[in-house]
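Chains A and B are the protein sequences, given in the same order.
Quick note: the first sequence, position 19, residue 19 per the working numbering, numbers continuous.
Quick note: the second sequence, position 2, residue 1002 per the working numbering, numbers continuous.
There's no promise every hint is true.
[To be verified] Simulated DEER-style distance windows between Cβ atoms:
no.: 1; chain 1: B; residue 1: Met1025; chain 2: A; residue 2: Pro2; range: 51 to 59 Å
no.: 2; chain 1: A; residue 1: Arg25; chain 2: B; residue 2: Glu1016; range: 42 to 50 Å
no.: 3; chain 1: A; residue 1: Arg43; chain 2: B; residue 2: Gly1118; range: 33 to 41 Å
no.: 4; chain 1: B; residue 1: Glu1097; chain 2: A; residue 2: Leu10; range: 32 to 40 Å
no.: 5; chain 1: B; residue 1: Glu1024; chain 2: A; residue 2: His6; range: 51 to 59 Å
no.: 6; chain 1: A; residue 1: Arg7; chain 2: B; residue 2: Glu1078; range: 41 to 49 Å
no.: 7; chain 1: B; residue 1: Leu1101; chain 2: A; residue 2: Ser51; range: 25 to 33 Å
no.: 8; chain 1: A; residue 1: Ala52; chain 2: B; residue 2: Phe1107; range: 26 to 34 Å
no.: 9; chain 1: B; residue 1: Ala1020; chain 2: A; residue 2: His6; range: 52 to 60 Å
no.: 10; chain 1: B; residue 1: Glu1078; chain 2: A; residue 2: Gly41; range: 27 to 35 Å
no.: 11; chain 1: A; residue 1: Arg7; chain 2: B; residue 2: Arg1110; range: 51 to 59 Å
no.: 12; chain 1: B; residue 1: Arg1110; chain 2: A; residue 2: Ala17; range: 38 to 46 Å
no.: 13; chain 1: B; residue 1: Gly1038; chain 2: A; residue 2: Glu45; range: 21 to 29 Å
no.: 14; chain 1: B; residue 1: Gly1012; chain 2: A; residue 2: Val59; range: 26 to 34 Å
Rather than coming from a laboratory, the hints here were simulated on the basis of the structure.
Yeah, the Cβ is synthetic: ideal placement off N, Cα and C, and Gly gets one too.
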Amino acid sequence: MPPKPHRVLLDRVSGYADEAAAYMRRRRASRRPFARLYYKGGRAEDHAGDSAVGGELFVAAGRLIEVAGKKP
Amino acid sequence: MPDDAATGVVSGDAAEGALAYLAEMSLDLRGAAILGEGGAVLAASDRPERWREDAAALFEVADRAGNEPVEQIHIGTEQGEVFALRHAGLAAVAVTERFALASLTFFDLRALLRDLAGGGDGRAGEAPPDAA
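Let the hints inform the model, and build the full structure from the sequences given.
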């Protein structure tokens, strides 16, 4: 027996909502503060904020953000 | 600094023009600086002395992190994002709004430095005036 039309609509809407929620979760997770260094040949290294170097990088970046100020 | 090629002297005027062009085409840009040999500021959006000190501090920390000189730096924080790039003896540092497109920003910075190093005015990506 085919599902009732309103069931199809509800399923579709909740499917879109689930997709959107998952997208927002992924975006938040991927946009946590990060420090990434790139070297010749394309090698990259991530440094966590709680590491010694990571902490220094965030301090240095914070000073640059301060000197740049807000968008004119 | 890691160099792809030794650079000639880049004039302050060319660097200023390149910075203005970068600001014009990068909607997310808050401020930036272009540095020459030895970290001297060739152009900065504001307070060049602060840009010189803070950019030098950033590169110093980054170089210490690995066993070779760093080529690109990308740091994202809650307050904004910092991009730094070295090319041909020059360096560019830019601060943007959050969520700026990293690949595009690095592309613009690299094109700018490459053009300046080649004796241009940093506007390599600009369409010719007669382009429709």
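Inset, instruction - If any of the earlier hints don't hold here, list their numbers in rising order. - result: 3
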